[in-house]
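J.: Using the sequences plus the hints, can you model the full thing?
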Amino acid sequence: MNERSVSSSIDEVVSGRRLDGWLANEARFEVDRDRLVDACTAVSEIPGARLATMVGLDDRKVSGSFRLVYTFALPDARWATIETRIPGVDPAFPSISITVPAAHWYEREVQDMFGLMAEGHPDPRRLVHHENWPDGLYPHRKDFDPSIPVPRVERNPPAFHNRHGEGIVEIPVGPIHAGVIEPGHFRFAAVGEKILHLEPRLFYTHRGIEKLVEGKSADHVLQVAERTCGACSFSHAVSYSQTIESIAGVEIPERGSALRTLFLELERLYNHIGDLGNICAGVSFSVGASIGARIKDDLQRLNERLTGNRFLRATATLGGMRRDLDTLALRDIESSLTRIAVEFDDFISVMLGSDTLIERLVRTGIVSTEIARAMGAVGVTARASGVNIDSRRDHPHAYYPDAPQPIAVPTRKTGDAHARALIRLDEVLVSFAMIQGILENIPGGPVSIKLGSLPPNRVGFAVTESPRGENLHWVKTDGDGLIDRLRIRSASYPNWPVVAASVPGNMVPDFPVINKSFELCYACLDR
Amino acid sequence: MVSIFRRSLKTGVVTKRYPTEPESAPDAYRGQIQLDTDHCTGDGACARVCPANAITVQADERGWVWALTDARCVFCGLCEGVCENGAIRISREFELATLSASDLSTTVRFNRGE
Chain A
1 MNERSVSSSI DEVVSGRRLD GWLANEARFE VDRDRLVDAC TAVSEIPGAR
51 LATMVGLDDR KVSGSFRLVY TFALPDARWA TIETRIPGVD PAFPSISITV
101 PAAHWYEREV QDMFGLMAEG HPDPRRLVHH ENWPDGLYPH RKDFDPSIPV
151 PRVERNPPAF HNRHGEGIVE IPVGPIHAGV IEPGHFRFAA VGEKILHLEP
201 RLFYTHRGIE KLVEGKSADH VLQVAERTCG ACSFSHAVSY SQTIESIAGV
251 EIPERGSALR TLFLELERLY NHIGDLGNIC AGVSFSVGAS IGARIKDDLQ
301 RLNERLTGNR FLRATATLGG MRRDLDTLAL RDIESSLTRI AVEFDDFISV
351 MLGSDTLIER LVRTGIVSTE IARAMGAVGV TARASGVNID SRRDHPHAYY
401 PDAPQPIAVP TRKTGDAHAR ALIRLDEVLV SFAMIQGILE NIPGGPVSIK
451 LGSLPPNRVG FAVTESPRGE NLHWVKTDGD GLIDRLRIRS ASYPNWPVVA
501 ASVPGNMVPD FPVINKSFEL CYACLDR
Chain B
1 MVSIFRRSLK TGVVTKRYPT EPESAPDAYR GQIQLDTDHC TGDGACARVC
51 PANAITVQAD ERGWVWALTD ARCVFCGLCE GVCENGAIRI SREFELATLS
101 ASDLSTTVRF NRGE
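As given, the protein sequences belong to chains A and B, one line each in that order. For the first sequence, position 394 (counting from the first letter as 1) is numbered 394 according to our numbering, and the numbering increases by one without interruption. For the second sequence, position 23 (counting from the first letter as 1) is numbered 23 according to our numbering, and the numbering increases by one without interruption.
These aren't lab readings, by the way, just hints derived from the structure by calculation. Incorrect hints may appear among the rest.
To be verified - Partner residues are not named here, just some residues of chain A that face chain B (Cβ under 7 Å, in silico): (1) 220; (2) 284; (3) 294; (4) 305; (5) 308; (6) 314; (7) 352; (8) 355.
Note that this is a predicted model, so its numbers are computed, not measured. We put the beta carbon where it would ideally sit given N, CA and C, even for glycine.
T.: Have a look at this one:
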């Protein structure tokens, strides 16, 4: 579909006021509150459309109203945004979650953080705040003062949506887990070994990052944004930097772009190989777990030699890269990856050669294509369930458009833990090849360009493909060019509900490997 | 099974007996921030740029006090970049764990005219 036909087809289905897009390829509309469901439903029915994010804003000081921004990803690198205003005196809106299920957590979050009630939402319970947070206190409203201590409410947590009956056992798991992992609570209902239902309770590592950065400079906020989580640090740094660069209207130098891509792929490598080791650990296949951990550590040591940090922090900067890589560093990457590729090959033969491991993964934790699409799943989770999406190809950024070969996007149809493991295997090989291609042809020149102060009251958003999937950062500047609103929508955000949907019907001991087959970030979700 | 044993024997031991066998951080590593007292002018640029509020520079009638809290530092290194006097150095010191919180704070008092 060419640009005009996509735009005009959106115009036909959305009856709203057409606004200028914040991005060049964005069709942006404002609709009245009571047209919100129709407009969003219509966009969601465009072939290939996917809800990418929803952002709430408190614009009451300027306009007396709140604002909701629903942004959909469309084919051919396009975006469609539906916005609506919500009067400050009547903070409610019609939920779109019945027809667009992917909106469900965004709308619950906006209830908790802005006090905007999603009327008709099929599950309007608290999402972010646990029971100890007082009623009626909405931290993302501009009149919430974070310096005033919030009193803790002592009350019982609300009941989980569980099954009850003869022979049904309720099993609580976490937030403290057997391994040293992030905190999250999982409430199972099981009959014998078979899981009937799972409800996760997350947001234990909610730190208020998005509120914390309000009013700060874009440079300061980069340091916070890239520490949202550990495993996707570099992806966060680049998504955020690209957002600021789009607001500033600046294109970074070629070599900076190539280095960003190189490190995005290095991040993918240590995550995917580590995840394959963790999948082995999930079924107590210790040999696989050890090999995976050893190779992962090797890759993180390479990261540390190159950038001073195993998680690639303080490496990207606004306008490009903080420092260049010299010939010795580039040779280090090449020789390390040559050695690691051989070890990885051996690792895979150990994994695939183990019938007992494979048997645990096949038909375990199945996610159907329908559920993956309906929930707006991204990344490995989506591709393992037949949804062919990848930001590197679909919304080209950094050096990906200049890669010597078109980005190979492996997909599988079975949607089980086995498929998610094999997708990672395929992607590791793609990453090796991509890094090699960049090393052979890396452009010269500067690695960064200085950004001036940012234009006031401007919005930008940008994506990178983190190891878990599309990582979208959305920023609005204030009247002084400082950060007014930052919305971090990591790949884990749409994927966590998919984990819950994959579990019923499996046996309880399969939960660890199912969870590890998705290997989502809690910190990325919770912020 | 036997092939797995053979593999493990071939790989050998990959771990190090740290700390008996010491380990040093790579050149690029950003460790503890250290102050070169000969070059500090108390202008506070480091404190202003620090995203974690780990550094404070407090002026008073006698001079100024430079203070660092390792517990807050996120090892981003922006302080070193912004100091025009070259007074901030990023060391490779990473063995900072301690049982006493006061070990995590460094305070340096500067008197004008000295």
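J.: Look at each hint and say if it fits the structure.
T.: Here is what the structure says about each hint:
The interface hint given for residue 220 of chain A holds, since its Cβ lies 5 Å from the closest Cβ of chain B, which is under the 7 Å cut-off. Interface hint at residue 284 of chain A: violated, since its Cβ lies 15 Å from the closest Cβ of chain B, which is beyond the 7 Å cut-off. Below 7 Å, beta-carbon pairs count as interface contacts, and residue 294 of chain A has one with chain B at about 6 Å; its hint therefore holds. For residue 305 of chain A, the suggested interface contact is upheld, since its CB lies about 5 Å from the closest CB of chain B, less than 7 Å.
With 7 Å as the threshold, the beta carbon of residue 308 of chain A comes within range of chain B, its nearest partner Cβ sitting at about 4 Å, so the hint holds. Below 7 Å, beta-carbon pairs count as interface contacts, and residue 314 of chain A has one with chain B at about 5 Å; its hint therefore holds. A distance limit of 7 Å between C-beta atoms decides the matter here; for residue 352 of chain A the minimum to chain B is near 13 Å, and the interface restraint is violated. For the restraint placing residue 355 of chain A at the interface with chain B, the shortest Cβ-Cβ distance is roughly 12 Å, beyond the 7 Å limit, so the hint is violated.
Violated hints, in rising order: 2, 7, 8; the structure is consistent with all others.
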